[in-house]
Structure formats: C-alpha cells, structure tokens
Amino acid sequence: MAAPPETSASLLLRLRDATDKASWNTFVAAYGPMIRGYCQYQGLQEADAADVSQEVLVRVVRSIGSFEYRPDIGRFRDWLGAVVRNAVRRFQNRDQSTPHGTGADDRPELDVAGPADPEWTSRYQAGLLTAACDRAKPHFEPHTWRAFESVWLERTPAPAVAHELGLPIHAVYVAKSRVLQRIREELLFLAEDMPHAFPPD
Amino acid sequence: MTACPPPDQLRALLSAAVTRAEADTIETHIQNCPECLRLLDVLSDDPKLQDWRDGKPNTQDFFPTTAAGTTVAARGFPLPLDPPRRPGDLGSLGTNRIEAVVGRGGMGVVFRGWDEALNRPVAVKVLRPDLDLPQARERFVLEARAAAGLHNDHVVAVYGVFNPPAGVPYFTMELLTAPPLSERIGGKPLPSREAAEAIAQASDGVAAAHAAGLIHRDIKPANILTDPATGRVKVADFGLARDAAVPSSLTQEGSVVGTPHYLSPEQAAGGSESLDARADVYSLGATLYETLTGSPPFRGTPLAVLRQVQTDTPVPVRRLNGEVSPDLEVICSKAMAKDPGRRYANAGELRDDLRRWLSGRPITARPAGPIERSLLWGRRNPLVVAVVAVSVLGFAASTWGWWQAGKQTDLARIREGEAVSARESATEKAKLAEDRAVLALGTINTLVIKAQQLAGTTPGTLPLRQQLAEAALADLQKLAATGNRIPGADRTSLVTHQRLGDTLNLLGRSREAVKEWETAVAQAEALANESPSDPSPKRDLARLCVRIAYVHRRLNEPGRADEWLRRAVATLEAAESLAPHDKEAEREFEVALNARADLSLERSRYRNAINDYKRALVKVESLVAADPNRVLYQSDLRYTHARLGAVYELVLDCPAADRHYQAAEAAAAKALNLDPSNPAVKRDWLISLLDRADALAHTGDFVGAEKASRDALKNLEPVARADTGNALTQRDLAVGFGLLGIALVGQNKLDLGAKSLESSLAIRESILRQSPGSALVAADIPIIVGLVIYTAERRGKFADAAHWCEHAIDIVRALHPDVPDPSTAATIANLTNWKQVYDLAPKAIADPTFARKQKAELAPRLCCVRAYALARKGDFADAIASIEAARTTFPSDFDVLVYHALLHSYCAGETTDETYRKKWLATAVQSMTELAKKNPVWVSNCYCFPELIPVRSDAGFEKVLAIVRQEKN
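Protein chains in written order, with our numbering: chain S, 1 to 201; chain Y, 1 to 969.
Since the hints were derived computationally from the structure, they do not count as laboratory data. Just to be clear, a hint being listed does not mean it is correct.
As the list claims (entries may be wrong) - Result set (DSSO-like, lysine-lysine): computed pairs, CA atoms no more than 30 Å apart in a straight line: (1) K21(S) <-> K188(Y); (2) K137(S) <-> K48(Y); (3) K56(Y) <-> K137(S).
Please model the entire structure based on the sequences and the hints provided.
Here's what the structure looks like:
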C-alpha cells in the first residue's frame with residue numbers, strides 16, 4: 001500500500017509535492033482507468049484515449065496546487081470532468097484549422113465547466129469505488145472480504161451468504177459494515193479535495 | 001421468540017462493541033426475525049455508496065464542499081469553526097482566520113491560521129467536538145494553560161488559551177514549518193551525534209515540562225520538529241496528547257488513536273491514571289531508538305505492537321546499526337526499560353546523560369541498573385558450573401541448599417536496626433549541638449533511612465529508593481566536604497561518612513562505599529582511643545567493620561571479609577567487658593557473629609559456622625527475653641535459627657535442622673503478628689515456610705513439603721503478581737515453585753511436578769532476561785534446568801528431555817556470554833552429550849544391543865537410561881540385570897554408579913519379593929557408600945531423588961552419612 005488512509009494528508013494534497021512518486025503512482029492507478037474510459041466514451045480510439053488521459057493526469061498534478069483548481073469554487077470531481085472534456089475536445093480539434101488566439105487552449109477549464117455530465121459523474125464514482133475496493137481488500141481476511149463481496153457487491157441476501165460461508169448471520173453484517181467503513185476511508189484518501197478534519201472513527 | 005434487541009445494540013454489534021455472549025444472543029434472535037435483518041441491512045450499509053455501486057450519479061459529491069463553518073466531515077463531526085471572513089478560508093475562531101487543517105491528535109485538530117489582531121501566523125488547536133465532555137474539556141484547558149506557562153527553547157510556544165462558553169475550547173501556538181523528526185529519519189538512521197543531539201534537545205524541552213508537572217504522553221518522531229538548517233529541535237503538542245480524559249471506548253483495543261510504537265509499557269497496559277514523567281522518558285528512548293536505527297522498536301499491527309511493547313525486548317540498537325557506540329546503546333536501553341523504576345527518573349536525567357555522551361564524559365547509565373545490583377546481591381556459586389559437568393543427575397542435586405543464595409536478608413536486617421539507632425542518636429545529638437551540620441545530617445538521615453527501610457520487598461519502591469538515595473548522596477557529599485573542615489565534629493563526620501558509604505552501597509557502588517566506611521573507621525578508632533571507657537565508639541567501629549566485611553564477602557574476597565569480622569568481634573568483646581548489659585552492643589555482637597558464621601558457611605567451615613551461630617543465638621535470645629515484642633529481635637531470632645537449620649541440613653543432621661527451622665518459623669510468625677503490615681517481616685515469614693518445605697523434602701516428607709510450599713506460594717503469588725519488576729519477589733516465587741515441583745516429583749506426581757519446575761525455570765529466566773547475569777538466579781538456574789531435564793527423563797519424554805538440554809545450553813551460554821572458560825565449555829559438551837543420549841534413548845530401549853554399539857561417550861549413559869526405563873515399566877529384574885551389566889562394562893563411570901544406586905534402591909522399594917528387596921537394598925547401600933567417597937556433596941543433596949528413599953531409610957545408610965560428614969569436616 002502506497003499510503004495508508006490514516007495519514008493526515010489525502011492523495012490530492014500529496015500530489016502537490018512533485019517529488020512524491022508513490023502518490024503519483026497511486027493517483028494514476030486510481031484515476032487513469034476512469035479517465036481513459038470517459039475518453040473512449042467521448043469517441044476516442046483506445047490508443048488516443050491513453051495519450052489523452054496521460055496528458056490529463058500530468059495536467060492535473062501540475063495545476064492542482066495552482067489557481068486553476070479552486071476547491072472553494074467547484075468540486076474536484078466536476079473540475080476533473082471539465083479538464084478531461086477539454087482535453088478530448090482539444091485532441092479532436094487538433095487537426096482541424098482552429099484559428100489561434102481565441103484563447104480556447106489557454107485556460108478554458110473553469111470557463112467551460114458547465115453542468116456536470118451525469119455520465120462522467122457515474123464513471124467517476126464507479127472508478128473511485130473500484131480503486132477504493134482494491135486498496136481496502138488486502139486489509140481483510142479472505143472470508144471477510146468474500147462475505148462483503150457477496151452481500152454488498154453481488155447483493156446476495158445475508159442469510160444465504162452466511163449459509164454459504166458457514167458464518168453466523170451477524171458476522172456477515174459486521175463484515176459488510178467494516179469493509180464499507182474502510183472503503184469510505186480509502187475514498188476519503190483518494191478523492192478528498194480538502195484536508196479532512198477528523199480521523200476516521 | 002425473544003424481543004428484538006434495541007437498534008443501539010445492533011449498532012454496537014456492527015462496531016464490534018459487544019461481547020461474544022451478546023453477539024450469540026443476537027444471532028439466535030435474528031435468525032428468525034426478518035425485521036431485525038432488515039434493520040441490520042440498513043444500519044450496516046451506506047446509501048451513498050449504494051448509489052455509487054449502482055451507477056446512480058449523486059447530485060452531491062461524496063465530500064462536502066468548503067462552504068461554511070457548518071461543514072460536515074464525512075465522519076459526521078461538524079468543524080467547530082465560525083463562518084469564514086475571507087473567501088478561501090475554512091472559517092474563523094476569535095481573532096484568527098482559519099486557513100487549513102494541518103494535523104490531528106487524539107484530542108483535537110490543528111489548523112493553520114492567521115491571527116488578525118497580532119498579525120502573525122498561528123497554529124490553532126481545537127478540542128475534538130465529539131470529545132467535548134466536561135471532564136475532557138477541563139483537562140484540555142488545564143493542560144493547555146500549563147503548556148502556555150512553559151518557556152523553553154525546545155518547546156513549541158503556546159500563545160493563548162480560549163474557553164468560550166458557547167463553543168469548543170481551543171488555543172493558539174507558534175506555527176512552525178520545520179519538518180518533524182520522522183521525516184528526517186525516513187527509514188534511515190541518523191548519524192549518532194545528530195541523533196543524540198536531537199533527542200537531548202527534545203529531552204530538554206520535555207524536562208522543562210516535567211519540572212512544571214506536565215506530562216506529554218505522546219512523544220514520537222512526528223511530534224519533534226527539527227529545523228535541518230539550524231539543528232534546532234522543538235517538541236510540539238504539549239497538552240494535546242492522548243489523554244486519560246478521552247472516553248475509554250475511544251482508546252480501547254482496536255481503536256487506539258494514532259501509533260502505539262512510542263507508548264510506554266505502562267501506557268500500553270492501559271494504566272493511564274498512574275502515569276508519570278518516566279512514561280515520557282520511555283517515549284524519548286523509543287524515539288532515540290528509531291533515530292539511531294531507522295525503524296521503531298517494534299513492528300506489526302497496532303495491537304501486536306501494544307503487546308510487544310509490554311512483553312518483548314527490542315532488537316539491540318547496535319545489532320541494527322553497528323556504528324552506534326555501546327554507551328549510547330546503554331542510554332537508549334535505560335530510557336526504554338520496561339520497568340519505569342529502571343529508567344531515568346525524568347527527561348532531565350536523560351538529557352544530562354546524552355550531553356555527557358556528546359561531550360565524551362562517562363555516562364551514568366549502566367547495563368544493569370545500580371539498584372538492581374545492590375538489591376540482587378547474592379552469591380555466585382562457582383561450584384555449580386563445575387558440578388554440572390559431572391552429570392545432569394549430579395547437577396540436579398549437587399549444590400548445598402540449592403536456593404540458599406540470595407534468600408538471606410541479613411544486610412536489610414543490619415540496615416533496619418542500624419537505621420533506627422542512628423536516627424535516635426542523630427536526634428539526640430541534634431538536641432545537644434548547635435552545629436548546623438548535625439541538623440543537616442539529621443534531615444539527610446531521615447532520607448537515607450527512608451530509602452533503606454523501603455528494602456527491596458516493598459512493592460514498587462525501587463524507583464523511590466533510588467531517588468531518595470541519590471538525593472541523599474548529593475547532600476551527604478556536600479556535608480562530608482564541610483564536616484572534614486570542621487575540627488571536633490568527629491562523631492558527626494563519622495556518621496556522615498558511614499551514611500555516605502551506606503548510600504553508595506545502596507546504589508551498588510561498593511568500592512566507593514568501602515572507602516567511605518574506612519574513613520569512618522579511622523574516626524571511630526580515634527574517638528575510641530580518646531575515651532577508652534566509652535563503649536559507643538567501639539560499637540560504631542564494629543558496625544563499620546561488619547559492613548566492610550559484607551562488601552568483601554560479596555566481592556568474593558572471603559579472606560579480607562574474615563579479617564574485618566575478626567576485628568569486629570574483638571572490638572565488641574572489649575565493649576562487652578566495659579558494659580556487659582548494653583543492648584545496642586549486644587545486638588551489634590550478634591549481627592557480627594551471624595555475619596562471621598555466614599562467611600564460614602560459605603567457605604564450608606561448618607563447625608566454625610555452628611559455633612558462631614550458637615553464640616549469636618545466645619545473644620539474640622537474651623535480647624528477645626528482655627524485649628519480646630520488638631520485631632527487630634524476633635527477626636534476628638528467625639534469621640539465626642534459619643541459618644542453624646541450613647547448616648545442620650548440610651551436615652545431614654536432619655532432626656536438628658528441623659528443630660531450628662520450626663523455631664525460625666515460630667519467630668517469623670511472632671514477628672508478623674507484631675508487625676503484620678511490614679513487607680520485610682512478611683517475606684521473612686514466607687521464607688521460613690520455604691525453608692521448612694526444603695527441610696521436609698530433605699527428610700523425604702514430600703507430602704509435608706508440598707503443603708508447606710503451597711502455603712508459601714499462596715501468599716507469594718499475589719505479592720509477586722503485584723510487583724513483577726521486583727526480582728527478589730519473583731525469585732521467591734520461583735523458589736516456591738521449585739520446591740513444590742520437588743515435592744510433587746517425590747510423590748511420583750510427575751506431570752504436575754514437571755509443570756511446577758518448568759514454571760520455576762521460566763520465572764528465573766525472566767529475571768535473567770530483565771537483568772542479565774543477575775547473581776540472584778545465575779547460581780541456581782542450571783540446577784532447575786537439571787531437575788526439569790531429569791523429570792522429563794523419568795516420564796519417558798525423551799524428546800522433551802533433549803529439548804531441555806538444548807535449552808540448558810542456551811542458558812549456560814547466556815550466563816557466560818564472552819568467557820571462553822573451560823568449565824563452561826565442559827558443561828556445554830556435557831549437555832550436548834545428554835541431548836544425544838536422549839535423542840537415541842527410544843532406540844536404545846527398544847534394542848538391548850543398541851547402546852553398546854554407540855560411541856564411548858554415549859554408551860554408558862544410554863545403558864543407564866535404558867535400565868531406568870525398564871524399572872519404570874516394572875521390569876525390575878531386567879532393570880537390575882542391565883544396570884549391573886553396565887557397571888561391569890563401565891566400572892569407573894560416575895553416572896553408571898549413580899544409576900546403579902538409584903535403581904537398586906528404587907526396585908527394592910517397588911518389588912514385592914522380600915529376598916530381592918533385601919539384596920538390592922544392600923547393593924544400594926554399597927553404591928551409596930562409594931558415591932559418598934567420590935562425591936559427598938552429591939550424597940548430601942540427593943534428597944531431590946525420591947528413588948533413593950528406600951536406601952536412605954535403611955539402617956545401613958547411617959554409615960554412608962558418617963562418611964559424608966567425615967568428608968565434609
């Protein structure tokens with residue numbers, strides 16, 4: 001695990017430190033897939049999507065500590081969505097004869113943020129949830145994780161899960177509750193765009 | 001069907017805050033209750049995450065925006081801030097703009113802010129709103145105020161403390177940008193000097209806090225800020241740390257806030273109410289450890305670390321980083337001692353020792369604490385190691401009174417009586433003289449007496465004793481310097497030097513103590529010459545001689561000890577002729593006689609010992625007759641009787657031994673009756689029970705021995721459990737278990753006996769781990785291992801026996817780590833040999849020809865083990881035939897001779913055939929006679945072997961004893 005969520009600074013804060021290689025890797029692993037997927041959804045080929053998402057990731061890290069990203073104005077989620085959309089748009093316009101000097105390439109993100117695209121929001125959520133699950137999983141015994149997977153991700157009724165795994169029913173709920181708690185913590189670590197005030201209970 | 005559990009209980013279940021029984025009850029209910037299942041489903045879930053899972057975009061982000069002061073963090077605590085006054089701020093508090101969160105502690109959250117009134121950056125610490133209970137609040141404010149009163153270069157300054165009636169309390173402090181030490185370490189050791197310097201500075205800051213009565217409780221590398229440019233170190237988070245006022249549910253297992261790596265063992269054990277400065281000393285030590293090695297002392301999950309902090313010893317610093325000097329390692333381990341009493345008393349002492357190290361001066365810490373050494377005085381028994389080489393069986397039985405060393409409390413006794421009389425005379429003198437020095441001495445005396453009276457047996461007083469003694473030492477040294485310059489203040493000066501010697505001795509600095517006492521001797525002599533008819537300087541002189549002798553005896557210089565004791569006795573004889581009924585002199589006399597007898601006993605001069613003890617007994621009895629209600633005299637009576645019991649035991653006069661032990665027990669009981677709350681008296685009584693158990697085992701009364709040792713254990717266990725850091729108490733417990741083990745084995749209750757012996761061994765080993773080389777256990781630990789090995793053999797558990805042999809080798813190595821002396825090597829070789837024997841034993845037993853085919857060093861022992869196993873099976877004739885064959889093949893082998901005697905006696909006792917019984921007994925007597933000539937010590941201690949009871953009860957055995965007595969005298 002690159003960084004346990006108990007540590008005070010969340011991933012996005014850590015990214016401001018250019019030398020923090022581990023945070024960069026964690027960031028790429030967590031956000032890369034959803035950005036690539038969204039690029040493809042916007043009509044890019046797989047290879048192009050990879051290029052564009054790389055460009056977005058670099059751009060995010062470069063601007064996260066700067067004026068471009070203003071948590072007091074908008075959410076990271078929506079800002080990131082806008083950055084991706086703009087990057088896709090730039091890529092698609094690259095070969096077209098866009099007149100220079102319109103300022104569209106300079107700093108369009110905040111201006112064009114507009115209303116969030118529900119598709120992006122749901123991809124963002126699913127992507128983060130997947131990343132958080134991946135990070136949470138090693139912290140649990142296999143049977144705990146299996147119980148959680150069945151009862152929550154696969155939505156099997158708890159008594160059936162208990163029967164299948166040979167556990168008491170209450171243990172299934174305890175597993176679900178504990179894993180979800182951990183996932184919340186991991187999400188906070190991965191995506192919280194301001195330092196959180198209090199440690200997890 | 002039962003009623004549904006309330007929702008709160010279901011919540012508790014989910015947060016694992018119910019007992020197993022409660023969980024089981026809930027389980028039984030919910031199996032048939034769809035209502036509860038539905039409720040649990042909801043309670044254990046998270047609707048927002050469900051949306052995420054189901055691909056429903058939330059209109060709200062998962063995280064709150066930074067809009068206003070009512071921001072709710074995901075865990076449900078509102079940020080306790082007022083609305084921001086500027087865009088971009090998180091909020092505000094009083095005159096402070098709050099810009100960002102910079103950290104969290106167990107008690108609160110820290111913000112970066114700007115004080116608009118004073119126009120400076122500040123750090124603002126706010127009490128966690130969920131902890132805003134009256135008690136926590138009060139504590140938070142109190143500690144913050146105390147921290148605000150600290151002005152030290154190495155403590156982060158607190159600017160102001162605020163306790164608004166309608167809000168959460170908070171305070172402001174210096175905002176530092178220096179990185180914490182944890183970042184500087186970053187998994188790699190710092191150079192030793194840099195590390196020592198950083199921790200010395202941190203200790204300085206913490207010392208200032210300690211001086212103000214403040215304990216940090218959460219020192220760790222992350223709380224020590226260091227400026228790499230200036231090297232300046234500051235300790236942060238005073239008065240913020242983990243706190244006793246935090247509701248216990250928040251610090252219970254599994255939810256310990258933060259990292260436990262630097263918690264002291266007493267904090268890890270959860271005893272927060274009795275924490276003192278030494279908890280911080282531990283944390284500073286653990287931080288030093290990490291600074292020197294790059295990693296914390298223990299690793300693992302928080303729970304595992306909590307456990308290790310309490311029970312394990314960290315890997316020595318120098319094993320992880322060979323560049324650290326041994327002295328620095330010693331400083332680190334003293335700071336990290338498990339027992340707070342063995343640590344530096346406060347951060348100031350740690351700082352001073354680090355400074356000493358940094359400037360190349362000698363440090364005060366020693367690998368074994370000084371108190372440890374003065375407390376654990378006992379006698380090393382060089383005999384043991386030599387005897388171990390004879391045979392495992394041999395070494396199980398071959399030291400005299402195998403647990404005698406260390407059980408004596410004679411010095412404590414001397415001190416106690418001494419303390420009383422010295423206090424009396426000092427008070428008296430103080431009345432007469434106006435000399436300020438005398439008054440000062442009086443005060444210091446009380447200090448010394450206090451330190452002395454807390455003789456090792458009072459639970460938990462070790463640190464107090466050390467502190468008292470060290471304080472007294474400093475004062476006495478000053479006083480001695482003055483006293484030497486005041487002519488005529490001879491008696492004061494004498495007493496001062498005597499006290500100085502006592503105190504040094506108490507601190508384990510025996511040689512220096514002797515010097516002081518010798519100075520006092522010269523002064524006493526001068527006084528005695530000045531007024532030859534006054535007995536009191538003679539008493540002083542004798543008392544000093546006894547003390548000096550005591551130290552020489554302990555330093556293994558019996559000749560010199562003897563000289564001093566002779567002088568003491570001669571002086572007292574002179575005093576007696578001057579004042580025949582002087583009680584004080586009479587007591588000095590018996591103490592001196594007892595001391596001389598102890599020395600004779602140690603040098604195996606039994607007749608001399610008996611003479612002196614008897615002379616002492618006459619004096620003690622006269623003292624007791626004059627004042628039967630004086631505890632001191634009863635204690636002395638017990639002591640002298642107990643020693644006489646021991647010496648008679650050694651010369652194999654069991655009835656006399658028993659008589660004296662009984663008298664000792666009676667005196668001990670009387671003393672306890674007079675002073676039931678005195679732990680030293682209580683210990684005397686327990687020891688008299690153990691003595692009795694020992695004596696009964698000697699006479700073969702194992703049932704009586706079991707009862708006596710169980711009585712003693714019943715009383716010892718609570719004391720020992722309450723005071724695990726007291727090696728003396730622990731050792732008494734080990735002795736109790738050892739005797740119980742012998743008594744049980746004697747009754748053929750082998751499994752129980754083995755357990756008891758193993759407990760005894762484990763306790764001794766733990767003492768040894770806490771203070772390596774402790775004389776208290778070094779002498780008899782090999783004996784107990786021997787008994788454990790031997791008991792495994794009797795039970796036919798050869799794999800166990802082999803395992804214990806290996807274990808014994810480890811112990812011998814640990815006892816003699818660096819000394820490649822031949823007797824240690826021989827012991828190890830011998831144990832290795834026995835291990836091989838036990839490895840091969842099953843084969844040898846199955847195949848009668850196997851043993852003879854083995855190497856010469858294994859064959860005789862394999863024959864013995866085989867014969868013994870046959871006897872245990874009830875094949876007496878086979879057993880006898882096979883040991884006889886071994887005796888013919890290996891006529892000069894000691895082990896074979898031992899087994900020959902043992903088996904003949906055992907089989908004689910077991911057989912129903914009268915002819916065989918007589919014949920075998922006669923043979924057993926013969927073998928014992930031979931053994932008595934070869935190794936009288938072995939025979940006089942063979943009581944550990946119940947197999948020998950038949951031969952020992954035989955009329956012919958008297959001849960064997962006669963030989964032993966003859967050999968001994």
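Here's how the hints hold up against the structure:
With a C-alpha separation of about 18 Å, the suggested pair K21(S) and K188(Y) falls inside the 30 Å cut-off, and the hint holds. For the proposed pair K137(S) and K48(Y), the alpha carbon gap of about 20 Å is at most 30 Å, so the pair holds. At most 30 Å may separate the alpha-carbon atoms for a hinted pair to count; K56(Y) and K137(S) meet this at roughly 23 Å.
Violated hints are absent here; each numbered hint is respected by the structure.
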